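For the sequence shown, the residue numbers in full-length UniProt numbering are 1 to 185.
Everything labelled a hint here was simulated from the structure, so no lab data went into it. Since we're looking at a predicted model, the values are computed, not measured. Just so you know, even glycine gets a beta-carbon here, dropped at the ideal spot from N, CA and C. A few of these clues could be false.
Below, computed lysine-lysine pairings styled on DSS-like, alpha-carbon distance capped at 25 Å [what the hints assert, rightly or not]: (1) Lys-19 x Lys-162; (2) Lys-185 x Lys-39; (3) Lys-162 x Lys-185.
Simulated restraints on C-beta separations [as the list claims (entries may be wrong)]: (4) Gln-83 x Ile-38: 15 to 23 Å; (5) Asp-124 x Ala-144: 37 to 45 Å; (6) Lys-39 x Thr-120: 34 to 42 Å; (7) Gly-34 x Lys-93: 33 to 41 Å; (8) Lys-93 x Ser-184: 26 to 34 Å; (9) Val-37 x Glu-71: 37 to 45 Å; (10) Ala-165 x His-130: 30 to 38 Å; (11) Asp-169 x Glu-78: 35 to 43 Å; (12) Pro-81 x Ala-122: 23 to 31 Å; (13) Glu-71 x Val-180: 18 to 26 Å; (14) Asn-53 x Lys-93: 14 to 22 Å.
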Amino acid sequence: MSDTNFPGWHGTTIIGVRKGTQVVVAGDGQVSLGPTVIKGTARKVRRLSPGGNDVVVGFAGSTADAFTLLERLEAKLEATPGQLQRACVELAKDWRTDKYLQKLEAMLIVTDGAELLIITGAGDVLEPEHGIAAIGSGGNFALAAARGLQETDLNAEEIARKAMAIASDICVYTNGNLTVEVISK
């Protein structure tokens, strides 16, 4: 079977929300192959603790590719303790220039509680406006919902959960089985 006929893996909505002193990263649990749900309880949000510094990462895309990137990010964080943005830029540079890494298909949302960043394979390290980052198939739905909820009295975790619920109602590749990590600085 050629790659062009193989149904693509779809799934994942990841959102990062900063409000007050809290940053929350939430991700759904659905992984689909074409029109079939393969797994509904995948864990796409992880807490890393390189050098004792907590960092929360959510990933969208190929799982194996994302884990390769998580390992590389952890090494960069150990080499530059307490400098999240620098570690992310170093990872993005490697991802963009290394022939092996260039083939990786994933995106990351990364936070240490102070900074909230999106890292892409195009070499981008983006700090989103309004303290909200979203990636994946339902990312735009979650982003729109969270932006609408940002000015309410809800805290970051409540905004993330409600935004993910809205995204899961709209995006067929997103479900309501959430992994939620809260971090603050």
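- Message: Let me make sure I understand: some of the numbered hints might not hold for this structure. Which ones are they, in numerical order?
- Response: Result: hints 2, 4, 5, 6, 9 and 10 break, sorted rising.
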